[in-house]
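A.B. asks: Sequence:
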Amino acid sequence: MTSLLKGFYKTLFSIAVPIILQNLLQTFVNMMDTIMVGRLGATEIAAVGLGNQIYFMLAMVVFGVSSGSSIFISQFWGAQDLRGIRKTFGIMLAACTTVSLVFMSLALTVPEKLLGLYSNDENVIREGVRYLKAVAFSYPVMTVSFTCQMAFRSTERVVLPMVTTAVSFVLNVIFNSLLIFGCPALGIPKFGVAGAAIATVIARTAEMIITITWSRAKKYEAVSNLRELLSFERVFVLKLIKVAAPVLLSETLWGLGITTQNSIFSHAGTESFAAFSIMNTVSQLTWVFFIGMGSASSVILGKKIGAGEEEAARAYTNRFCWFLPLMGAVIGLFLFPISRILPHIFNVSPQIITITQSMLYVLMCMYPSRAFNMLIIVGVCRSGGDTVFASVIDNVWMWALAIPLGFTATFLWNSPAWLILICLESEQMLKTVCGILRVRSGKWLHNVTK
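Take 28 as the starting number for the sequence shown in the numbering used here and just add one per residue.
Take these hints with a grain of salt, some might be off.
[Unchecked claim] DEER-style ranges, computed between Cβ atoms:
(1) Lys-217 <-> Val-186: 34 to 40 Å
(2) Val-460 <-> Ala-121: 36 to 42 Å
(3) Leu-257 <-> Cys-392: 46 to 52 Å
Don't read these hints as lab results, they were simulated from the structure. None of the values given here were measured: they were computed from a predicted structure. Where is the CB? At the ideal position from N, CA and C, for every residue including glycine.
Generate coordinates for the entire structure from the input sequences, incorporating the hints supplied.
C.D. replies: Okay, structure coming up:
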C-alpha cells in the first residue's frame, strides 16, 4: 500500500495548487464585483446577484458537459491516446459553445422574464436587466475559455488556466473601477451595474484570446486543427453521451436546485438575499481549496484508471476520503475571522452584516461533509465513470429533502436566514453516508476508454 501511495502529496499538490490559485483569483474577481457594486447599495448587490443566476445556470450546463467529457480525456491521457483526447475535446467545445449562444440570446431578448423567476422586486429587476443585457456578451467567450481549461487540466496542463485567470482578474478590477464609478479625467461616465458587466466582457475576452494563442503556440495535447477536433464518430459520440449525459443532467438539476435556493432567499427579503449573496462570495475564498482538490483528484484517479493501475486508484481514493474532510474542518475555521471583518468590506446595513455572519457560522459546521461530498461526486465517481450514481446522490436529497424544507422554512415558518440555510444544507450528511457506502463497495471504478 505504501509503495502505491508513493508521491501522493507531491502529485496531488502539483496539480491542485495551480487550480486552487486559479479559482482563488476567480473568486477575487467575483468578490471585487460584489465589493465595488456594494458601494452603490443593497439593491445593486441584489441585482448583480440576480443577474448572475443566469450565468450560474449556463456555467452548470457547461461544467456538466465539460466534466463528463473530461472523464474520457483524463483516462485517454493515462493511456497516452492523443486522438481520443482531441476528438473528445472537439465534441465538448462544440456542444458548450452552442449552449452559450442560446443563453446569450435569451438574456438579450427576454431578460425581464428570466429575472422575474427569481424576484418580484421591481427595482432589483430593473437594475438586474441593465447588468444582464451587457454581461450576456461574455457568455460565449467564457465558455470557450472554460472548456479549454477543463481539457488542459485533464492533461495536467494546469499553469495556463492560472495565468489567464490572473490577467482576467487584473483587467476586471481596472475596468470595474473605471466603468462602475466613472472617470471624469478620461471622459468615462458612471455606468453603475452595467459597468461591472462591461468590465467582465473585456476581461473574459482577453482571457479567451490568451488561452487560445498560448495553447496553440505551446502545442498542447488537446489542441489540433478544426478538422481533427470535429471528426466525430457516431459510436464514440454515443458512448460519450452515455457516460456524460448523467453528469450534464446532474449539473443541470443541481444548478436548478441552487437557483431555486436563491429564489427562496430572494423571497425571504432583499436583506436576506443580499446577505446570501455576500455569504456565497466570501465562502468561495475558502471553498476554492476543495474545488482544486476535487479537480486534482479527478485527474489523478482518471489517469491511474486509464493506465490500468486500478489498485493504485483505489489506494489513492482511500487516502483522499480521510484527507479532504480533515482539511474541511481546518479550513472551515477561517470563515470565522473573515466574518468579523465584513463591516469593513461591504457598505451595507448592520442588519445585513449580522445575517451574513450567522449564515457563515452554519456553513463552517458543514465544511467537512461538503468537502467529502465534493470528492466523491466530482473526484471519485466521475473519474471512475460512475456517473449515474453520482447524479443520483447529488440531486435526490436536494430535491426530496433540502428544497422542500427550505421552502417550508421561508414561506410557512417565516424563519430567519440562518435556519433557512440549515434546512437547505440538510442534504449534506445523507450524501456523505451514501458516498462512504459506494467507495467501500468498489463499484465506482470503470475504465470508459475500453
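A.B. asks: Work down the list of hints and note, for each, if the structure agrees.
C.D. replies: Here is how each hint holds up against the structure:
1. Lys-217 <-> Val-186: 34 to 40 Å: holds, 38 Å
2. Val-460 <-> Ala-121: 36 to 42 Å: holds, 39 Å
3. Leu-257 <-> Cys-392: 46 to 52 Å: Since Leu-257 and Cys-392 have Cβ atoms about 48 Å apart, the given range 46 to 52 Å holds.
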